[in-house]
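Q: As given, the protein sequences belong to chains A and B, one line each in that order. Just so we're aligned: 116 in the numbering used here is position 116 of the first sequence, and the numbers increase by one with no gaps anywhere. Just so we're aligned: 126 in the numbering used here is position 126 of the second sequence, and the numbers increase by one with no gaps anywhere.
It should be emphasised that the hints constitute simulated quantities derived from the structure, not laboratory data. Check before you lean on any hint, since a few could be wrong.
Said to hold, decoys possible - In silico negatives: residues of chain A with every beta carbon more than 10 Å from chain B: (1) Pro11; (2) Met15; (3) Leu278; (4) Val322; (5) Val414; (6) Gly434.
What the hints assert, rightly or not - Under 10 Å between C-beta atoms, here's a sample of chain B residues computed to sit facing chain A: (7) Ser2; (8) Phe42; (9) Ala43; (10) Asn46; (11) Leu89; (12) Thr92.
Stated by the list, open to error - Just a few of them, taken from the derived set where beta-carbon distance is under 7 Å, the chain A residues facing chain B: (13) Glu143; (14) Tyr150; (15) Arg166; (16) Thr177; (17) Leu180; (18) Ala181; (19) Ala184; (20) Tyr187; (21) Gly188.
All C-beta atoms, glycine included, are put in the ideal place defined by N, C-alpha and C.
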Amino acid sequence: MIDTLAEVLPPLMPMLAGVPLLTGALAAAFRKRRTLRHVISLATLTGILVFSVLMVVVTAQGTVLAHQVGLWNYGIAIPFVVDAIAALVLMIISILGITSVMFAMGTHEARARFYHPFVLILFAGVSGALMTGDIFNLFVFIEVMLLPSYGLLAMMGAKLGANGARIYVTVNLLASTMLLAGIALVYGTAGSVNLAELHGAAAEDPAVAIGGGVMLVALSIKAAVVPVHGWLTRTYPMTSPAVTALFSGIHTKVSIYAIYRIYSVLFDGDPTFLWVALVVTSLTMAIGVFGAMGEKTTRSILVFHMISQIGYILIGAGLFTVFGLTAAIFYLLHHMIVKASLFLSTGAIEETYGTGEISKLGGMLRREPLVAVTFMVAALSLAGLPPFSGFVAKFTIIQATLQESHYWVAIVAVVVSVFTLLSMLKIWTGVFMGPEPKNLEADALESQARMHGKRYLRVEAQAETPTLSIGPPTATTTAVWEGRQAVKVPIKLIIPGAILAAITVFFGLGAELLMMLSETAAEQLMDPSDYVEAVSGA
Amino acid sequence: MSIAVAVGLLTAASVYLFMQRGMVRIVLGFVLVSHAANLIIFAAGNPAFREIPYVGVAAPDDQADPLPQAFVLTAIVIAFSITMFMVTLAITTTTDDDTETEEESPVKVLTSSMPTVAAPRSTNGDADAPEPRTSQLPAQHSRAEERRDGEGGRP
Numbered sequence: 001m002i003d004t005l006a007e008v009l010p011p012l013m014p015m016l017a018g019v020p021l022l023t024g025a026l027a028a029a030f031r032k033r034r035t036l037r038h039v040i041s042l043a044t045l046t047g048i049l050v051f052s053v054l055m056v057v058v059t060a061q062g063t064v065l066a067h068q069v070g071l072w073n074y075g076i077a078i079p080f081v082v083d084a085i086a087a088l089v090l091m092i093i094s095i096l097g098i099t100s101v102m103f104a105m106g107t108h109e110a111r112a113r114f115y116h117p118f119v120l121i122l123f124a125g126v127s128g129a130l131m132t133g134d135i136f137n138l139f140v141f142i143e144v145m146l147l148p149s150y151g152l153l154a155m156m157g158a159k160l161g162a163n164g165a166r167i168y169v170t171v172n173l174l175a176s177t178m179l180l181a182g183i184a185l186v187y188g189t190a191g192s193v194n195l196a197e198l199h200g201a202a203a204e205d206p207a208v209a210i211g212g213g214v215m216l217v218a219l220s221i222k223a224a225v226v227p228v229h230g231w232l233t234r235t236y237p238m239t240s241p242a243v244t245a246l247f248s249g250i251h252t253k254v255s256i257y258a259i260y261r262i263y264s265v266l267f268d269g270d271p272t273f274l275w276v277a278l279v280v281t282s283l284t285m286a287i288g289v290f291g292a293m294g295e296k297t298t299r300s301i302l303v304f305h306m307i308s309q310i311g312y313i314l315i316g317a318g319l320f321t322v323f324g325l326t327a328a329i330f331y332l333l334h335h336m337i338v339k340a341s342l343f344l345s346t347g348a349i350e351e352t353y354g355t356g357e358i359s360k361l362g363g364m365l366r367r368e369p370l371v372a373v374t375f376m377v378a379a380l381s382l383a384g385l386p387p388f389s390g391f392v393a394k395f396t397i398i399q400a401t402l403q404e405s406h407y408w409v410a411i412v413a414v415v416v417s418v419f420t421l422l423s424m425l426k427i428w429t430g431v432f433m434g435p436e437p438k439n440l441e442a443d444a445l446e447s448q449a450r451m452h453g454k455r456y457l458r459v460e461a462q463a464e465t466p467t468l469s470i471g472p473p474t475a476t477t478t479a480v481w482e483g484r485q486a487v488k489v490p491i492k493l494i495i496p497g498a499i500l501a502a503i504t505v506f507f508g509l510g511a512e513l514l515m516m517l518s519e520t521a522a523e524q525l526m527d528p529s530d531y532v533e534a535v536s537g538a
Numbered sequence: 001m002s003i004a005v006a007v008g009l010l011t012a013a014s015v016y017l018f019m020q021r022g023m024v025r026i027v028l029g030f031v032l033v034s035h036a037a038n039l040i041i042f043a044a045g046n047p048a049f050r051e052i053p054y055v056g057v058a059a060p061d062d063q064a065d066p067l068p069q070a071f072v073l074t075a076i077v078i079a080f081s082i083t084m085f086m087v088t089l090a091i092t093t094t095t096d097d098d099t100e101t102e103e104e105s106p107v108k109v110l111t112s113s114m115p116t117v118a119a120p121r122s123t124n125g126d127a128d129a130p131e132p133r134t135s136q137l138p139a140q141h142s143r144a145e146e147r148r149d150g151e152g153g154r155p
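Excised from the complex, chain A in its bound form (with noise of 0.2 Å):
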């Protein structure tokens, strides 16, 4: 069974990027049929998930599949190559999107024309980076990945001012142009963009690792890894709750993939720069937890809490043993399902109560007990309490550092841990403790009115008229308002949260599987040799 998918599964792999981006083509041409977009894009995500499931089963024993695109010989034909960890990333990415536009449905967002597609080619660049085994190609499907994503940023931000677009934007042409001129160096200095061919490169010859340098400073960029962090938190809160939680698990966890893909390889897990890793991540770790504590609003502090939550993850990146890159990789999979999730439940409150600003809302518990719920599994999971993924996570990190002797990166990691949970108590004290504003509900009405009375009138009164005006509120409107039943968070905007939640559930309960998983990656990653052996077919 699994000897015949690891035969059939290769030659469709080409389609993981190609499928998405026909579908995509195909929801933009339907102006009219908004239904049909929906279920063209969850169909296609639902498939994309299926079958990295499939490659999923298939890599779990080691197994590397490889196809060179187009049947040229090796060397001159693009190879999508998919490992443990690139299955294991698309997996969990797929879920990602389809929560996220599980999410986006509920609020109507995903009723404008261009939403399902660009969510649908973005899908398309993700899944051709992860599977890509030439670095140039790699460039390609990043840009292929971030142009749906500018106008995603651009389109459900555009009530919130252009600067998180541009900043956006303009932060990340840089760093891809930074990646363009890091592949050419390394095309330059060792002939080639192939990884498998260049296997090595990096570590035998200082002039390829300068070129090898710049791609990954530009690809820690992307990651927003310390001193380059501060784009993400002014861009990431700028846009809907729906395209941020979209964005957490894709933009910045592909680089780290990049990442950790192009340390293993090029370099061949060379040791001489780990140290400059283990500085950096301590920093981010430290840097970006306290930047969460300063701020206001919830989503604020979410994405400052992924920046400290990437240095985690790169900690696998400088320690580079078999377990220290296991370690990682589960982070790197929990991490993706609990920060999605934490941004799906307080973005469910932030859309129906009309804002995400700690000190006007509360009561949350009693009002809201299904999101409460949800977001105090996925805080506590975040700052790795024990019944939950985060503690597998956290305390494997932990072993691995104290393995190798890092005492102070594992002492930042316990104490980073302990302001984590701070923030996200005070999260919960604010939104989900405490009395309620006496405004929420009027408040809330008013600000659902005007937030989507513009593009689609979807405040339904109660009362025997219900007409709304657009616009500023009027004696009879606000009347209307008045009357209306209490305001609820819809259960379509809960689900998608709550999902994620059981996840990173099932993930602490039974982290075995995944680390197991993990494990495999971490070998491979590790020892590339399968990796450039599938791929030159020798």
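For this one, chain A is given, so just place chain B on it according to the hints.
A: Just chain B now, with coordinates in the frame of chain A:
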């Protein structure tokens, strides 16, 4: 060597432009930096080979490396599309392309577009005639206006 000098000049000019005020100048900086990156790719193909890389046109020993040319062709298209998008961002959503706005933290923007505290309502509960809550539109236009006011003294 001449390519190295050109790359250096282009990069220096682009860094200078990135630091300028105004989105259009930043876009011009990006145009220059992608030129620099493209020249680096050309240089990677060893510019000592100058003949056209086309079958039968020249001896293969003298033909230029075609792979970097394909890379550059791809990169030009990508940079072009993003440049177009940036130019669009420069002319939409605000009154000018100024990037030197006051500190625009997400908190500020997220909260300013949300409803402010409601107008005083009757506290004793008899809300038979609720006051229209009109004066609460956030000052969406105020930033541009403030700036214009602030620059009032300038010629």
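Q: Take the hints in turn and mark each one as holding or not.
A: Results for each hint:
A cut-off of 10 Å between C-beta atoms confirms that A/Pro11 is not in contact with chain B; the least separation is 24 Å. Listed as outside the interface, A/Met15 is consistent with that label: its C-beta sits roughly 22 Å from the nearest C-beta of chain B, beyond the 10 Å cut-off. Remark: the non-interface label on A/Leu278 is consistent with the geometry, its nearest Cβ contact in chain B lying 30 Å away (cut-off 10 Å). The Cβ of A/Val322 sits about 35 Å from the closest Cβ of chain B, beyond the 10 Å cut-off, so the non-interface label holds.
The non-interface label for A/Val414 is consistent with chain B: the shortest C-beta to C-beta separation is roughly 29 Å, beyond 10 Å. With 10 Å as the threshold on Cβ separation, the claim that A/Gly434 sits away from chain B holds: the shortest Cβ distance comes to roughly 18 Å. Because the smallest distance between the Cβ of B/Ser2 and any Cβ of chain A comes to about 16 Å, over 10 Å, the interface hint for this residue is violated. Nearest Cβ of chain A to the Cβ of B/Phe42: about 8 Å, under the 10 Å cut. The hint holds.
Given the 10 Å rule on beta carbons, the hint for B/Ala43 holds: about 6 Å separates it from the nearest Cβ of chain A. A cut of 10 Å between beta carbons decides the hint on B/Asn46: the least distance to chain A is about 8 Å, and the hint holds. This hint holds: B/Leu89 has a C-beta 5 Å from the nearest C-beta of chain A, less than the 10 Å allowed. Against a cut-off of 10 Å between C-beta atoms, the interface hint on B/Thr92 holds, since the closest Cβ of chain A lies about 7 Å away.
For A/Glu143, the interface hint holds, since its Cβ comes within 7 Å of a Cβ in chain B; the closest pair sits about 5 Å apart. Taking 7 Å as the C-beta contact cut-off toward chain B, the hint placing A/Tyr150 at the interface holds, the least distance being around 6 Å. This hint holds: A/Arg166 has a C-beta 5 Å from the nearest C-beta of chain B, less than the 7 Å allowed. The beta carbon of A/Thr177 is positioned within 7 Å of a beta carbon in chain B (closest approach about 5 Å), and the interface hint is therefore held.
Hint on A/Leu180 holds. Least Cβ distance to chain B is approximately 5 Å, under the 7 Å limit. Taking 7 Å as the C-beta contact cut-off toward chain B, the hint placing A/Ala181 at the interface holds, the least distance being around 5 Å. Annotation: A/Ala184 was flagged as interfacial toward chain B, and the flag holds, the nearest CB pair being 4 Å apart, inside 7 Å. Nearest Cβ of chain B to the Cβ of A/Tyr187: about 4 Å, under the 7 Å cut. The hint holds.
For A/Gly188, the interface hint holds, since its Cβ comes within 7 Å of a Cβ in chain B; the closest pair sits about 3 Å apart.
Hint 7 from the earlier list is the only one contradicted by this structure; the remaining hints agree with it.
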